[in-house]
Amino acid sequence: MNLTINPNPGTAALALYDGARGAVAAAARLVRDPQVMSTICRDAPDLAGQLVAQLPEAGAGLLHGITLGTVLAAGWQKSRELRAAAVRSHEDGRRGKTAQVLLAAHSITSEHRPYVEVYTDERRVLTITFSVDLTFTIGLLYAGIRDGRLVTLHPGGDCEVAVSWGMEGFKIGEKKVPIRIPAVAVPLGAGILLARPSS
Amino acid sequence: MPVRLIVALAVAAAAFWATPARATSCPPPPNVTGQTYEQAYATLNGHFGYGVVTVPDPVPPGTSFVSSAETLSCIEFKITGVRVYLEGQVPDLTGMTLTAATTEAEKAGFGVTTGQPEATGEWKVAQQTPAPGGRLAYGQAVSLLLDGSTEVPYLIGRTVAEARQMAADRGLTLRGADDARDDQIVEDQNPPGGDELTIGDAIDVVLSEVSPVSPSASPPVSPPASPDDSPSPSPPESPQPEESPEASPEPVPTVAFSGEETGSDFGVQPWLAVVVVAAALLGLAGWKARDGRRAPDRDHDRRREVRLVSRADPSPNVRIHESRDSRPAVRLHAVADPGRQEIREGLS
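Protein sequences, first through last, are from chains A and B. Read left to right, the first sequence gives residues 1 to 199 (our numbering). Read left to right, the second sequence gives residues 1 to 348 (our numbering).
Please note: incorrect hints may appear among the correct ones.
What follows is a set of in silico ranges between Cβ atoms, one per label pair, in the way DEER data are often shown [what the hints assert, rightly or not]: (1) Glu-76/B <-> Phe-170/A: 55 to 63 Å; (2) Ala-336/B <-> Ser-198/A: 18 to 26 Å; (3) Thr-94/B <-> Gln-100/A: 48 to 56 Å; (4) Asp-43/A <-> Ala-168/B: 37 to 45 Å; (5) Gln-140/B <-> Leu-193/A: 47 to 55 Å.
Hints listed in this document are in silico derivations from the structure and should not be mistaken for laboratory results. Backbone N, C-alpha and C define an ideal beta-carbon position, used for all residues, glycine too.
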């Protein structure tokens with residue numbers, strides 16, 4: 001079992017929109033714009049009608065696939081302070097013990113460029129790139145480090161995430177919302193690997 | 001210089017008097033945000049004895065919630081009046097026409113807004129923000145996403161009156177039928193039935209020619225069903241007995257005049273001329289009489305001219321043969337990106 005971080009909202013789509021279909025509707029609004037579709041389909045204008053119908057769902061699926069917990073975990077794995085604490089946790093006398101590390105106010109940014117490939121008759125004719133940019137601002141974090149792993153989390157301040165997403169340079173939506181990161185702890189031996197023991 | 005000083009002092013004095021000193025010196029009211037209006041009123045008025053002013057005033061029907069509250073007046077730091085800003089629950093507008101949704105929203109104390117300036121009142125609400133049941137300050141607008149697409153009805157074979165009604169039922173109009181009679185038949189349409197149009201658009205129709213006959217033969221005509229309609233319009237094939245070749249009017253005048261022309265020259269006897277003229281007049285009268293009797297038969301012939309009317313199947317058995325689809329089959333392949341994360345530590 002690994003440490004899992006389940007913030008609320010849980011995905012980039014839910015941070016942007018209240019309902020599950022909100023992302024689809026927002027993308028649909030954009031692709032209905034003739035100027036947008038003429039730009040996207042400049043190399044295959046005959047596909048515009050079908051893309052208007054199918055692209056919003058595909059784009060929203062990509063947004064739903066970005067889980068905030070995974071992004072946060074990947075960000076904290078790059079924290080110098082947490083990694084230093086993880087290296088120290090392998091030293092003699094510290095193994096098996098959980099050291100509490102206070103991570104002061106910090107931010108985690110994450111840039112995603114997922115894309116949708118359009119095939120006709122199994123031939124790729126278009127590639128439509130989406131952009132999803134996340135910026136987390138986290139007040140305080142008490143992290144438990146044991147045997148090179150991040151095993152507990154206790155956020156101690158306000159957290160918020162700013163999300164923006166777009167398609168081929170056209171903005172679909174953006175929002176800044178507070179997020180709640182529940183305090184979590186995991187059983188011995190699990191967690192997010194920050195530093196391996198030196199051999 | 002003294003003039004500038006005086007002006008500056010005057011401006012400062014005006015700013016001082018214009019500043020709402022009461023607001024800055026009064027304490028804030030108790031926190032009633034999120035409470036229903038009734039709960040907040042009980043707290044502010046019933047418990048503390050404050051006067052309560054609402055925005056909007058009067059309070060709209062239904063359940064209202066306090067979105068914020070501020071001190072309206074106080075005397076020596078003691079609150080005497082509180083203004084509460086109310087919000088309500090947004091009704092479910094989805095599925096309604098824009099016109100109906102606007103009426104419903106206004107009834108509940110809200111406005112509506114949409115980013116689709118091309119929309120007409122017949123477009124339907126596909127989505128709304130806030131969602132049904134969500135809270136919104138009174139007077140604010142519910143954002144609507146409208147859908148103006150509608151399916152084109154199958155009109156071929158219908159009378160103009162029927163076609164007009166069917167089109168109107170879906171928010172469409174007919175083009176090419178402005179001066180048409182109600183009993184004329186739609187022979188062709190564009191776009192075809194089953195396609196999609198935007199509400200307010202027009203369907204181009206081609207109508208049957210105006211027929212002079214009574215409308216009893218009108219709509220919707222099904223040519224193969226009636227054997228009377230199948231014969232060709234030529235008189236010999238007509239079942240009417242009056243149309244026999246010997247009843248034809250042509251021989252009468254021909255015989256009358258041919259006899260004169262073959263049996264005489266211009267130096268005829270006067271009595272013979274009188275006889276010939278009399279015979280000619282009689283013959284002409286007889287031909288006229290027979291021709292008059294045939295008149296309705298000719299109308300009948302014209303009515304029986306074969307006219308083909310195409311009629312679409314209003315509920316066709318549609319099958320999709322993907323291999324014959326002229327449109328290219330499109331497949332989308334979504335590729336996720338785990339992203340590139342960076343952390344900035346030690347923010348101030």
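Cross-check of the supplied hints:
no.	hint	result
1	Glu-76/B <-> Phe-170/A: 55 to 63 Å	58 Å, holds
2	Ala-336/B <-> Ser-198/A: 18 to 26 Å	34 Å, violated
3	Thr-94/B <-> Gln-100/A: 48 to 56 Å	50 Å, holds
4	Asp-43/A <-> Ala-168/B: 37 to 45 Å	41 Å, holds
5	Gln-140/B <-> Leu-193/A: 47 to 55 Å	49 Å, holds
The structure fails hint 2 only (numbered hints given earlier).
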